[in-house]
Amino acid sequence: MVDRLVNSEVNARRMANVEQCFGKMGEPLAQFGRVLVGEGVLVKMCRKKPKQRQFFLFNDILVYGNIVISKKRYNKQRILRLEGVQVEDLEDDGASKYGWIIKTPAKSFAVYAATETEKREWMLHIERCVSDILERGNKQAATAHAAVWIPDGEATKCMVCGKTQFNLVQRRHHCRNCGRVVCGSCSSKSFRIDNVNKKPVRVCDHCYDSLSTSSPAQEGSEPKTGNRLHHEDSSSDSEDEANGSGRSSNESRPTFYREDVQQPAV
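Everything in the sequence shown is counted per UniProt numbering, starting at 1 for the first residue and increasing by one.
One or more hints might be untrue.
Stated by the list, open to error - Derived CB-CB ranges, DEER-like: (1) Gly153 to Asp89: 42 to 50 Å; (2) Arg171 to Ser214: 40 to 48 Å; (3) Arg81 to Asp209: 43 to 51 Å; (4) Asp89 to Ser214: 25 to 33 Å; (5) Lys199 to Arg78: 33 to 41 Å; (6) Gln165 to Arg73: 17 to 25 Å; (7) Ser212 to Ala30: 27 to 35 Å; (8) Glu9 to Ser215: 32 to 40 Å; (9) Arg73 to Arg253: 16 to 24 Å; (10) Thr117 to Lys199: 26 to 34 Å; (11) Gln165 to Ser215: 16 to 24 Å; (12) Asn195 to Cys161: 45 to 53 Å.
Read the hints as simulated data drawn from the structure, not as lab findings.
Computed from a predicted model, the values in this text were never measured in an experiment.
Ideal Cβ placement from N, Cα and C applies to all residues, glycine included.
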């Protein structure tokens, strides 16, 4: 199905529509050999709370953005290259159902579908696209992935010292190595984690000790001081300052354009 759609007029129209929905601030998506495999709304677990995001699955990239006007306008475009993507199933936990983790070297996060069937459709199509692109390029799957950040609301106090209570004065921070929510005193140092950022990033004291032991000669590790600390943490979540969390019952199901993948049973 993908081979038949490559450079077809119908695929070109679909990609042009996606580009138009992101407007001038989005990156051009039309590329030789690229095919739009599917699209739909998922709830992304962001730092502060779950929020709706529109996702577009291509045969080589996964694109998502904030929903400004449903099916018409999106912003804050993010592009993940599938050769570095891995999906990991999440068990249902209370009200948090039909979720899985999208892991990449630079960023990892949980997403949730509206039903079990939609979850399986998404995971199946993503895994198939990743497998195809690795096989075509004779590449190995990525082995290093960024930690999934624990949401702010799940930590009322520092997850390292267990003492500092978070409030307006004691701000929450995230360790880029383990994803835990920590206080400033327990994350005063930084360390360069190459798959996350080429510059040193905030890590908790436990991870700093572990990373320093395993890579003692690494350059660029340094303590964090002053306003630079706050700027780094606030900018990292700029994509999440947008609209609503849940998915309405009348949202349409995701659309997939590949017919060569067996659909999961309802």
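Evaluation of the provided hints:
no.: 1; hint: Gly153 to Asp89: 42 to 50 Å; verdict: violated (23 Å)
no.: 2; hint: Arg171 to Ser214: 40 to 48 Å; verdict: violated (29 Å)
no.: 3; hint: Arg81 to Asp209: 43 to 51 Å; verdict: violated (32 Å)
no.: 4; hint: Asp89 to Ser214: 25 to 33 Å; verdict: holds (29 Å)
no.: 5; hint: Lys199 to Arg78: 33 to 41 Å; verdict: violated (20 Å)
no.: 6; hint: Gln165 to Arg73: 17 to 25 Å; verdict: violated (41 Å)
no.: 7; hint: Ser212 to Ala30: 27 to 35 Å; verdict: violated (45 Å)
no.: 8; hint: Glu9 to Ser215: 32 to 40 Å; verdict: violated (51 Å)
no.: 9; hint: Arg73 to Arg253: 16 to 24 Å; verdict: holds (21 Å)
no.: 10; hint: Thr117 to Lys199: 26 to 34 Å; verdict: violated (42 Å)
no.: 11; hint: Gln165 to Ser215: 16 to 24 Å; verdict: violated (33 Å)
no.: 12; hint: Asn195 to Cys161: 45 to 53 Å; verdict: violated (27 Å)
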